[in-house]
Each structure stands twice: as C-alpha cells, then as structure tokens.
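2 protein chains.
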Amino acid sequence: MYLRGLLLSSEQGRESISSGDLADILGVNSSQIRKDFSYFGELGTRGVGYNIEKLSKQIKKILRLDVVQKAALVGVGNLGSVILAYPGFQVYGFEIAAAFDVNPKEVGRKVKGITVEHVSDLWKLERRKISIAIIAVPRDAAQQTADSLVKAGVRGILNFSPCYIVVPKKVKVITIDIAMDLARLPYYMPAG
Amino acid sequence: MYLRGLLLSSEQGRESISSGDLADILGVNSSQIRKDFSYFGELGTRGVGYNIEKLSKQIKKILRLDVVQKAALVGVGNLGSVILAYPGFQVYGFEIAAAFDVNPKEVGRKVKGITVEHVSDLWKLERRKISIAIIAVPRDAAQQTADSLVKAGVRGILNFSPCYIVVPKKVKVITIDIAMDLARLPYYMPAG
Numbered sequence: 001m002y003l004r005g006l007l008l009s010s011e012q013g014r015e016s017i018s019s020g021d022l023a024d025i026l027g028v029n030s031s032q033i034r035k036d037f038s039y040f041g042e043l044g045t046r047g048v049g050y051n052i053e054k055l056s057k058q059i060k061k062i063l064r065l066d067v068v069q070k071a072a073l074v075g076v077g078n079l080g081s082v083i084l085a086y087p088g089f090q091v092y093g094f095e096i097a098a099a100f101d102v103n104p105k106e107v108g109r110k111v112k113g114i115t116v117e118h119v120s121d122l123w124k125l126e127r128r129k130i131s132i133a134i135i136a137v138p139r140d141a142a143q144q145t146a147d148s149l150v151k152a153g154v155r156g157i158l159n160f161s162p163c164y165i166v167v168p169k170k171v172k173v174i175t176i177d178i179a180m181d182l183a184r185l186p187y188y189m190p191a192g
Numbered sequence: 001m002y003l004r005g006l007l008l009s010s011e012q013g014r015e016s017i018s019s020g021d022l023a024d025i026l027g028v029n030s031s032q033i034r035k036d037f038s039y040f041g042e043l044g045t046r047g048v049g050y051n052i053e054k055l056s057k058q059i060k061k062i063l064r065l066d067v068v069q070k071a072a073l074v075g076v077g078n079l080g081s082v083i084l085a086y087p088g089f090q091v092y093g094f095e096i097a098a099a100f101d102v103n104p105k106e107v108g109r110k111v112k113g114i115t116v117e118h119v120s121d122l123w124k125l126e127r128r129k130i131s132i133a134i135i136a137v138p139r140d141a142a143q144q145t146a147d148s149l150v151k152a153g154v155r156g157i158l159n160f161s162p163c164y165i166v167v168p169k170k171v172k173v174i175t176i177d178i179a180m181d182l183a184r185l186p187y188y189m190p191a192g
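Protein sequences appear in the order of chains X and H.
Letter 84 of the first sequence, counting from 1, is numbered 84 in this note's numbering, and no numbers are missing.
Letter 117 of the second sequence, counting from 1, is numbered 117 in this note's numbering, and no numbers are missing.
No wet-lab data here; the hints were simulated from the structure.
One thing to keep in mind: the hints can contain errors.
To be verified - List of simulated lysine-lysine pairs, DSS-like, C-alpha gap at most 30 Å:
#: 1; chain 1: H; residue 1: Lys105; chain 2: X; residue 2: Lys105
#: 2; chain 1: H; residue 1: Lys169; chain 2: X; residue 2: Lys35
#: 3; chain 1: H; residue 1: Lys60; chain 2: X; residue 2: Lys172
What the hints assert, rightly or not - To give a feel for the contact side, a few chain H residues facing chain X, derived at Cβ under 8 Å:
#: 4; residue: Arg14
#: 5; residue: Pro87
#: 6; residue: Gly88
#: 7; residue: Phe89
#: 8; residue: Val91
#: 9; residue: Val111
#: 10; residue: Gln144
#: 11; residue: Leu185
#: 12; residue: Tyr187
What the hints assert, rightly or not - Computed footprint of chain H on chain X; a stretch qualifies when at least three of its residues, placed anywhere within it, have a C-beta under 8 Å from a C-beta of chain H:
#: 13; segment: 65-71
#: 14; segment: 87-97
Ideal placement from N, C-alpha and C gives every residue a C-beta, glycine not left out.
Construct the complete structure from the given sequences, taking the supplied hints into account.
Okay, structure coming up:
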C-alpha cells in the first residue's frame, strides 16, 4: 500500500513526500507511517519528507519486486483482454510474457505483442523460467488450470475466477473477488 | 473474508463448517477464527461446527449487506462489460441497476437487461436512491466521473481506474489495483 502511494506520488511528478501527505493519499495515520518507515531505517528529512525514489526502491527490494518478474496469463477472453491492456503492471516490475487459451480461434492470435499459445503448452513455462501466472478462465476450468500451472513449476498465482482453488503449500495463491471489494463499501458508508 | 469463505462453502453444498476447515480455505489460524466469531456470540457446536446460513446472515448484518444494495456502473467498455457479466455480486446482495457511458454508440444499448444511459444523466441517481457506484472509465475521466457521482449523492465508490481520486470525507472510495495484487505475490512465493 505504501509502495502504491509512493508510485502514485511519483507519477504526479513529486520527488519527496511528507508522512502527512502520504497519510492523506492512503487514508491512514501519519504517525503509523513514520513508525513503519523507521523500522527499515527511513527517517525522512524534517520539512522535506521522504525521498520517493529511494524509499520506493527499498520497499520494492523488501517485496522482491526489484527484478523484472515475468508472468503468464491463462485465458484471453473478456477479462484476459482487460488484464493484457492494463497499464499498471510495469510500474511494479511485471511483464506479461506469455498468454494461453483453450479456444482454437484465439491460439496464434497476437495480442499486445504476445502470440497466444494453447493451454496444452503450459508445461513449457518451466523451461522459460516463468513462475507467476494469472488465471482468467471460466470458473469451471480454474482448478484444472491451476493444476497444470503447478505442474509447470509456477509458484505464484493471481486467480480471477470467483472460486476456491486447491494448490500445494509451496504455491501461493491470491484470489481477486471484485464482488467482495464492493461488499466492503456499505460498512464504511456514512448513513444518508 | 470470513463471509467469502462461508459463501464458498455454502455453494459447495455444506450446511456447517468447522473453524479448522474454514481456516484451511482462508489460510488463517483456526483459533483466530474461533476468537473472532466468539466476539459476536457465535460459538459453534463441538463436532459439528458453525451453521453456515446463520453465521453468514449475522456477518451480512454487521457489514450492512442484509438489504439489497443497488449499484450503478459508469463505463461499459471492456472492463465495464466484464463487471456487468461478473456472477458474484448477487451473493453479497448487490444488484447493478444502472449503467452509464459517454460513447453515443453505447448509449441506448441494452446490456444484461440494463439500458446504457449517457453520463450527463448521472444526476438522476439521487432520485433513484442509488448510492453506490463502480467507476470503470479511462484514467483521465476518473476524477470527473467521481465528482459527478458525489454531486448525485453517491456515498460509496469502487474505483477500477488505476489512479487516486479525491472525494469529500463523507464518501468512501475503494480503489482496485490488480497490479498491486499481483505485486503481493513475489514476497510470499517460496524460493525455487
């Protein structure tokens, strides 16, 4: 979250930011920010704030985002197309380097510079040192896709199918459920 | 998160669930679950677990999801279309009841039973008692869209544009940044 706030500020052309301004952007307490940043030795400069580039670099290193991470996308339907077109991955050091689909009409098509491959070729990911994958297939195909990805040596999965997928402990899955994000709103909305 | 786990279990046909099984689904500690549920008086039954329907109802009430919430979607492009087709909103009690776009080609088109309206009609939301909106417009149009929504009495916004939008304190905004979710993976991935 801190990294996100810093990257947003950087895009706005800022070079430094105070804990107060960062607190406003993120909706958190500024003393919490100062406390958290002090844990990794960043104290900022009074009256100037924190150096955004330096601090971003440090947080990226902690989050292992300091090297370019190649990711594969499985499913290039509506949702997959949105993901491919999403401008934000690069700022976190990600590159979508491969795309797969089961539909023969999609296979061979070039999308955003990437030629769509058939899912039966997912096993090749291991050789290509791609260990992160994004699942954007219909719900019914999600578990099978995850199984193939795990077999291909993938160790991190971002799952957009609104379902629970089972993977070995050595694999980390993050499931995105946009309905759940929407469901967080009413609790925080003032009565009106 | 607990509600999500309960709803997933319910879809799998279960009527009750133990704290241990729920812990496995959600990747959290089962004693934490028991502690949290005990706060609102749910103790479960030894050997049977928690009644999923009863517990879901109670959490929905706490989260103010116990009444149907109408939401408006602004932007029916690629991302907006994915959102309209998303099957998961209903389980949390949401109904996308209106859709808006700036493109004359989209206005008047019927999508999933909803006739797309022009964004210049956003002010009508107040009369229709729609106080939640989803922003799925290009980045450059996000702030202006948010301003119109606030004027129309919207008090909760789910923002899919990868940018920071400024709203009055009385309005709650949740921004979805799928790149940030992807960025959480490397830290948790075991070395390989």
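Right, here's what the structure says about each hint:
1. The suggested pairing of lysine 105 (chain H) with lysine 105 (chain X) holds, with an alpha-carbon distance near 27 Å, which does not exceed 30 Å.
2. Restraint check for lysine 169 (chain H) and lysine 35 (chain X): the C-alpha separation of about 25 Å stays at or below 30 Å, so the hint holds.
3. The hinted pair formed by lysine 60 (chain H) and lysine 172 (chain X) meets the criterion: a straight-line CA distance of about 28 Å does not exceed 30 Å.
4. At a threshold of 8 Å, the smallest CB-CB gap from arginine 14 (chain H) to chain X is about 12 Å, leaving the interface hint violated.
5. For proline 87 (chain H), the interface hint holds, the least distance from its beta-carbon to any beta-carbon of chain X being 7 Å, beneath 8 Å.
6. Checking glycine 88 (chain H) against chain X: minimum C-beta separation of about 4 Å stays under 8 Å; hint holds.
7. Hint status for phenylalanine 89 (chain H) relative to chain X: holds, with the closest Cβ pair at about 5 Å, below 8 Å.
8. Hint status for valine 91 (chain H) relative to chain X: holds, with the closest Cβ pair at about 7 Å, below 8 Å.
9. Violation of the interface hint for valine 111 (chain H) is found here, the shortest Cβ-Cβ separation to chain X being roughly 12 Å, above the 8 Å cut-off.
10. The beta carbon of glutamine 144 (chain H) comes no nearer than 17 Å to any beta carbon in chain X, farther than 8 Å, and the hint placing it at the interface is violated.
11. Contact between leucine 185 (chain H) and chain X, as hinted, is supported at the beta carbon level, the nearest pair being about 4 Å apart and thus within 8 Å.
12. With 8 Å as the threshold, the beta carbon of tyrosine 187 (chain H) comes within range of chain X, its nearest partner Cβ sitting at about 5 Å, so the hint holds.
13. Judged by the Cβ-Cβ criterion of 8 Å, the segment 65-71 of chain X is covered by chain H as claimed, because 3 of its residues qualify and three suffice.
14. Here the segment 87-97 of chain X counts 7 residues with a CB under 8 Å from a CB of chain H, which clears the bar of 3, and the coverage holds.
Checked against the numbered hints listed earlier, the structure breaks hints 4, 9, 10; every other hint is satisfied.
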